[in-house]
Amino acid sequence: MSAPALHLVLVTPEIPANTGNIVRLCAATGVWLHLVEPLGFRLDDRVLKRAGLDYWDACHLERHLDFEAFERAHPEAACHFLSARAEPSLFACALPPRAALVLGPESSGLSARFLDVPGRRQRSLRIPMPGQGRSLNLSTAAGIVVYEALRQQGLLGPTGGR
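Converting from the sequence shown to the working numbering requires adding 44 to each position, the first position being numbered 1.
I should point out that these hints are in silico values taken from the structure, not numbers from a laboratory. Any given hint could turn out to be false.
[What the hints assert, rightly or not] Simulated DEER-style distance windows between Cβ atoms: (1) S152 x G175: 33 to 39 Å; (2) D88 x P119: 26 to 32 Å; (3) S152 x E131: 17 to 23 Å; (4) D88 x Q176: 34 to 40 Å; (5) P82 x T184: 20 to 26 Å; (6) A122 x R86: 30 to 36 Å; (7) H104 x T184: 20 to 26 Å; (8) A113 x G175: 35 to 41 Å; (9) T184 x D88: 36 to 42 Å; (10) A138 x R90: 37 to 43 Å; (11) G163 x R107: 21 to 27 Å; (12) R157 x R195: 29 to 35 Å; (13) D101 x G175: 36 to 42 Å.
Backbone N, C-alpha and C fix where the C-beta goes; we use that ideal spot for every residue, glycine too.
Could you put the whole structure together from the sequences, leaning on the hints where they help?
Spelled out as structure tokens, the structure:
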């Protein structure tokens, strides 16, 4: 299988319906989905399967015991970390081909400890929220970052996609 244009990495996702929706997103866009343990659900969860509908076979899905295992498996992936506490906007950053967009768990996002690993804070981005919200739903945030990255790579619009 050829290398993807984009990786989406969920670090310790907690809500099965969100991950199921993200499976559909990744199947529809050709983005590889990575789930980093521990998961807040089992992969045979009924709600997870229902939310993913019949898209499971079309989604390239990998599980990793920890984030470092993802990094070892995909050393070519240029990681960018999404955090409501980051300063630079997703829309002001040029995302490279084969980027890995990393999102944290629904209840807390990526932890300060996770982001304190050298080099991660410098590659952290936020999705601007001009309204009153504190954070976005994980599957909503995933959709925003995936489509922005694909747009930047020229994979959407009149000549890309359907």
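Outcome of the hint check:
Restraint check, S152 to G175: a C-beta distance of roughly 21 Å breaks the suggested window 33 to 39 Å. For D88 paired with P119, a C-beta distance near 31 Å keeps the hint of 26 to 32 Å intact. For the hinted restraint 17 to 23 Å between S152 and E131, the CB-CB distance of approximately 19 Å keeps it satisfied. Checked against the given bound of 34 to 40 Å, the beta carbons of D88 and Q176, roughly 38 Å apart, stay inside it.
Judged by the Cβ atoms, the range 20 to 26 Å given for P82 and T184 holds: they are separated by roughly 23 Å. Restraint check, A122 to R86: a C-beta distance of roughly 31 Å satisfies the suggested window 30 to 36 Å. Distance hint check: the CB atoms of H104 and T184 are about 22 Å apart, consistent with the given range 20 to 26 Å. One distance hint, 35 to 41 Å for the beta-carbon pair A113 and G175, holds here, with the actual separation near 37 Å.
Take T184 and D88: their Cβ atoms lie about 25 Å apart, and the range 36 to 42 Å is violated. Taken as a hint, the range 37 to 43 Å holds for the pair A138 and R90, whose Cβ atoms sit roughly 41 Å apart. At roughly 24 Å, the beta carbons of G163 and R107 sit within the given window of 21 to 27 Å. Range check, R157 to R195: Cβ separation about 32 Å, and the 29 to 35 Å hint holds.
At about 37 Å, the CB distance of D101 to G175 agrees with the hint of 36 to 42 Å.
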